[in-house]
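Visitor: Residues per chain are reported as follows:
2 protein chains.
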Amino acid sequence: MSAFIFDLDGTLVDTVYPHALAWQKAFDELDMVVPTWRIHRRIGMSGSLLIADFARELGRDLSEDESSRLAEAHTEHYLELRGRPAPLPGARDLLHELGRREIRWAIATSSEPAEAEGALEVLDLPDDAVIVNGEQVDAAKPDPEMFQEAAKALGVALKGSIAVGDATWDITTALKVQMKAVGLLSGGNSADELERAGAAHVYEDPGDLARHLDEVLA
Amino acid sequence: MSAFIFDLDGTLVDTVYPHALAWQKAFDELDMVVPTWRIHRRIGMSGSLLIADFARELGRDLSEDESSRLAEAHTEHYLELRGRPAPLPGARDLLHELGRREIRWAIATSSEPAEAEGALEVLDLPDDAVIVNGEQVDAAKPDPEMFQEAAKALGVALKGSIAVGDATWDITTALKVQMKAVGLLSGGNSADELERAGAAHVYEDPGDLARHLDEVLA
Numbered sequence: 001m002s003a004f005i006f007d008l009d010g011t012l013v014d015t016v017y018p019h020a021l022a023w024q025k026a027f028d029e030l031d032m033v034v035p036t037w038r039i040h041r042r043i044g045m046s047g048s049l050l051i052a053d054f055a056r057e058l059g060r061d062l063s064e065d066e067s068s069r070l071a072e073a074h075t076e077h078y079l080e081l082r083g084r085p086a087p088l089p090g091a092r093d094l095l096h097e098l099g100r101r102e103i104r105w106a107i108a109t110s111s112e113p114a115e116a117e118g119a120l121e122v123l124d125l126p127d128d129a130v131i132v133n134g135e136q137v138d139a140a141k142p143d144p145e146m147f148q149e150a151a152k153a154l155g156v157a158l159k160g161s162i163a164v165g166d167a168t169w170d171i172t173t174a175l176k177v178q179m180k181a182v183g184l185l186s187g188g189n190s191a192d193e194l195e196r197a198g199a200a201h202v203y204e205d206p207g208d209l210a211r212h213l214d215e216v217l218a
Numbered sequence: 001m002s003a004f005i006f007d008l009d010g011t012l013v014d015t016v017y018p019h020a021l022a023w024q025k026a027f028d029e030l031d032m033v034v035p036t037w038r039i040h041r042r043i044g045m046s047g048s049l050l051i052a053d054f055a056r057e058l059g060r061d062l063s064e065d066e067s068s069r070l071a072e073a074h075t076e077h078y079l080e081l082r083g084r085p086a087p088l089p090g091a092r093d094l095l096h097e098l099g100r101r102e103i104r105w106a107i108a109t110s111s112e113p114a115e116a117e118g119a120l121e122v123l124d125l126p127d128d129a130v131i132v133n134g135e136q137v138d139a140a141k142p143d144p145e146m147f148q149e150a151a152k153a154l155g156v157a158l159k160g161s162i163a164v165g166d167a168t169w170d171i172t173t174a175l176k177v178q179m180k181a182v183g184l185l186s187g188g189n190s191a192d193e194l195e196r197a198g199a200a201h202v203y204e205d206p207g208d209l210a211r212h213l214d215e216v217l218a
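So the protein lines, in turn, are chains A and B. The numbering of the first sequence is my numbering, which starts it at 1 and goes up by one. The numbering of the second sequence is my numbering, which starts it at 1 and goes up by one.
Since the hints were derived computationally from the structure, they do not count as laboratory data. There could be a bad hint or two in this list.
Identical chains share a label here; the pair holds if one copy fits it or two copies do between them.
To be verified - List time: in silico DMTMM-like cross-link candidates among lysine to aspartate or glutamate, alpha-carbon distance up to 25 Å: (1) K25 / D208; (2) K25 / E204; (3) K25 / E117; (4) K25 / D93; (5) K25 / D124; (6) K25 / E76; (7) K25 / E72; (8) K25 / E112; (9) K152 / D128.
Quick caveat: nothing in here was measured; it's all calculated off a predicted structure.
Pulled out of the complex, with its shape left as it was, chain A reads as follows (with noise of 0.2 Å):
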């Protein structure tokens, strides 16, 4: 028995750009000049190595206090230019055809919770949905440790299931543990960086893999 496991950011919601540009200014306010562009290429990694990347980059050496209030500033930044989120076309079609076709799908995602909380929201999900967030393993994605917290609440295997995302690390996390990957363009990664990465599919949103299920079940 195989299930989906959905990525939320830029998978499910459209709130990838306002991940990305709360970043560059959190990053703008320690005099850290990070080009958005290469901000939006790591949205999807945990906040904690996305951190971690950057200041080696720069060469910047961040205290821990310095780490976890750049992190706050994300999430100040970020809640007030997402406003309320919209979710990506499809998105709760997609899951309600899941749910009547008895496929058992959770999601998991490496924003904090009070980051994911509005936007688990409007996607007007059922009360036993299973939702893995940052907080509840030690390592985010890239790490596997999120899916397979999901597959054990789920109680699927992992080989076999199917995930989806619009990240590249979603796409070789899943990977790693023989999931099959599905990325979708509906976080503003190209066809082919997704393809690159190793998904087995790429569409553009959900509402485009609902149109291509058996495809993607096949």
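Let chain A serve as the given structure and place chain B on it in line with the hints.
Guide: Then chain B, alone, in the frame of chain A:
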């Protein structure tokens, strides 16, 4: 004698992401749900074309008044989201280096003057820099009129001159008038997208282009 014609947003300044998010918010206020990644792929074309494209896709008949209010809302959101724009890495040095080598260059941007102003300021341009904006021509990119105006002001031929941009629109517009097109990743489009549009070279940002100047001029 060939010259360089640069795009502004995403090519010399880090402003594509606030542009994309500002359009998303402006559309949202008219209850037009437009995913941000689709807007991102259209940044660089003129605002009126962008509005007309999405209105057509959504089957929405916008009055002239609604269209201009949408454009104004975009400008307001953009200026607020952008704050003080950051030059992209190496932008100022590249323009200085061209000046030092007595290679002529201009900036051609579809942006409104009110939007471009702050971005041009941080680039620390010489007083006699040639800037062509959307108000000076009848049709902005993907129409080549802006490039033609810039070439006229520089006293160079377009054929053999070099267009530098981060959007596929910059590339396809340049090819229409036999320019050589150089793509930059700094606006968040992928190398594959820019190459497929016809870019002869793709670099990360203006600094990376500066390091490969002889390759571009060859």
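Visitor: Are the hints correct? Go through all of them and say.
Guide: Do the hints match the structure? See the list:
When the C-alpha separation of K25 and D208 is checked against a cutoff of 25 Å, the pair qualifies only between copies, where the shortest distance is 23 Å, while the shortest distance within a copy is 33 Å. For the homomeric pair K25 and E204, the shortest alpha-carbon distance between copies (21 Å) is at most 25 Å, but the shortest distance inside one copy (28 Å) is not. For a Cα distance limit of 25 Å, the shortest separation of K25 from E117 qualifies both inside one copy, at 22 Å, and across copies, at 20 Å. Taking the shortest alpha-carbon separations for K25 and D93, only the inter-copy value of 24 Å comes in at or below 25 Å, while the best intra-copy value is 34 Å.
In this homomeric assembly, K25 and D124 come within 25 Å of each other (Cα to Cα) only across copies, at 22 Å, whereas the closest approach inside a single copy is 31 Å. For the homomeric pair K25 and E76, the shortest alpha-carbon distances inside one copy (10 Å) and between copies (18 Å) are both at most 25 Å. Proximity of K25 and E72 under a CA criterion of 25 Å is satisfied in both settings, with 12 Å inside one chain copy and 24 Å between copies. Proximity of K25 to E112 under the C-alpha cut-off of 25 Å is found in both arrangements, the shortest distances being 18 Å within a copy and 24 Å between copies.
When the C-alpha separation of K152 and D128 is checked against a cutoff of 25 Å, the pair qualifies only within one copy, where the shortest distance is 15 Å, while the shortest distance between copies is 66 Å.
Taken one by one, the earlier hints all hold for this structure without exception.
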